[in-house]
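K.L.:
The task is simple: from the sequences and hints, build the whole structure.
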Amino acid sequence: GQNIDQPTEMTATEGAIVQINCTYQTSGFNGLFWYQQHAGEAPTFLSYNVLDGLEEKGRFSSFLSRSKGYSYLLLKELQMKDSASYLCAVASGGSYIPTFGRGTSLIVHP
Amino acid sequence: KAGVTQTPRYLIKTRGQQVTLSCSPISGHRSVSWYQQTPGQGLQFLFEYFSETQRNKGNFPGRFSGRQFSNSRSEMNVSTLELGDSALYLCASSLDRGSMREQYFGPGTRLTVT
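First to last, the sequence lines map onto chains A and B.
Positions -4 to 105 (the working numbering) are the ones given, in order, by the first sequence.
Positions 7 to 120 (the working numbering) are the ones given, in order, by the second sequence.
Nothing false has been slipped in among the hints.
For the chain A half of the interface with chain B, some residues (derived, Cβ under 10 Å), not all of them: (1) 32; (2) 35; (3) 36; (4) 37; (5) 39; (6) 93; (7) 97.
I should point out that these hints are in silico values taken from the structure, not numbers from a laboratory.
C-beta: ideal position from N, C-alpha, C; glycine also.
P.N.:
See below:
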């Protein structure tokens, strides 16, 4: 099985930077995904990492260290609309079907 | 291009009943996956269909089943409903198998079992 851990809740100030961590234990790693989910809405894809390093996409960046079983999602220049749940998901064991963490609820305040 | 659509959006059923949920993928997408989302367990994979065949199945009892039609539309069925089946059921489509980076979720069906 897999074990995926991420903080339950985080708060941050508008305009600031926040880092959401995700640790996982798995075998046959096939990639790590980050999704954003606003309350009452469907998850939307943010990023995919399969190799170590940092992937930057606008205000969002995602980092992966396979040897440490560790990833983070970095959100810069926070906006109120970034208040949402952020889901970390890992695909492994020869399958590309992701196993999701419980999600981190991010609250951005003025 | 229209997104993934799911019907119905909300549903209330009684314990012991059965329910069928429908998902229409994005036009041209051939892979459809189903997920269950609850506050306690988070988002959990149910099954994936491609070319009318179930390709992967998550760790759910046999009461949960599904199928896919030749036009890629998919349905999932839950028989003998239990209170614990109350959840948001999400469908996601992608162009092909292994296209997790291009997986798009529908708005979900909120099922309440009383």
